[in-house]
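Colleague: What follows is each chain in one-letter form.
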Amino acid sequence: MRWVWIPLLAIGIGMIVWGVNLSRHTVVEQQAKALCTSCIGLTVE
Amino acid sequence: MADGSKRPPLYLRIRLWVQFSAAFLVNALFLYDLRGICVPVLNCWACPVASVACPMGAFQNGVAAMRGALLLPFYVLGSIIAASAIMGRSMCGFLCPFGLVQDLMGKIRRRQARMPRWMGYSKYVILVVLGIVLPYLTFEPWFCKYCPQGALQGGIFQPILDPDLRAWMGTLWYTKIGILVAFLVGSIFIRRPFCHSFCALGALFSICNRHSLVRMHYVREDCTDCMWCVKACPAGIDPRTDLEGMNCVACMECAKCPFDAIHVTTAVSSCTVCDRVAVKDDMA
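Taken in order, these protein sequences are the chains called A and B. Take 1 as the starting number for the first sequence in the working numbering and just add one per residue. Take 1001 as the starting number for the second sequence in the working numbering and just add one per residue.
Keep in mind that the hints were calculated from the coordinates and are not lab data. Careful, some of the hints might be misleading.
Calculated cross-link-like contacts (lysine to aspartate or glutamate; reagent style DMTMM-like; alpha-carbon spacing at most 25 Å) [what the hints assert, rightly or not]:
1) A:LYS33 <-> B:GLU1140
2) A:LYS33 <-> B:ASP1033
3) B:LYS1256 <-> B:ASP1225
4) B:LYS1145 <-> A:GLU29
5) A:LYS33 <-> B:ASP1164
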């Protein structure tokens, strides 16, 4: 089990690259720049 | 065996400074352009000065979007897996701002209680229910709704800065503030209660805690059962039995052991202490 971190790291980096390829980071950026009402605890109707 | 007079290495002595620096960097407004990057700590992106994305918030939004697009939140999950493959749960011990808040509150009272070990499983229930199932079904980030870090960073400061938001403060806001107060007060009496039993992000990190690059070793042969590590542990675990376990935040405080029975190593480097133990075993 000593080397499990290597495939985990490879999978993680692969998923980041795949996500960036699908422009998921821009989606995350849009979410981060929008005001998260759930985070603040506001009840928006 | 060590004589108990050894000085711990520098990286163990500067943990508090690392925590403060990390809390500053993830809330440094001049780094605002990095908001698309998921930094693997529980730092609310609703904070007016937050400079990075909260992985737990992004994960829940990704799970909610999964229902429509049938696409796993690769980017967010990849960030979490890559970080935990290298550091395990050290992000909780060294970088998490809410971990820092709990550590500081814990300094108020010298004698603190510990959460029972079985309570640590509740964070996995919270991850599955509030972090995955409910966001998938309702398209809403349910963990964020009750996250005390969101209340601390966003819930307090946003309504102060924007008076228009105060009209929307209702039951949920008061519940959130109540949860925050409960954890802040609880941290005075109990060691890191949120990290131990309620943090969904910590639950994700803990899966890789025993399989990361950065590792910790407990050497039974050098242990005198002085309980120094048990008293020092901010997470309230017994490092002799639960080191790198689901409740260990890998803060490495126990690695300051005066008898060198617990030490930090990596998965790639050979451990001199363990090699010594192995040689001793061979000779026996």
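Colleague: Among all the numbered hints in the text so far, which are the ones the structure does not match?
Modeller: Hint check: nothing fails, all pass.
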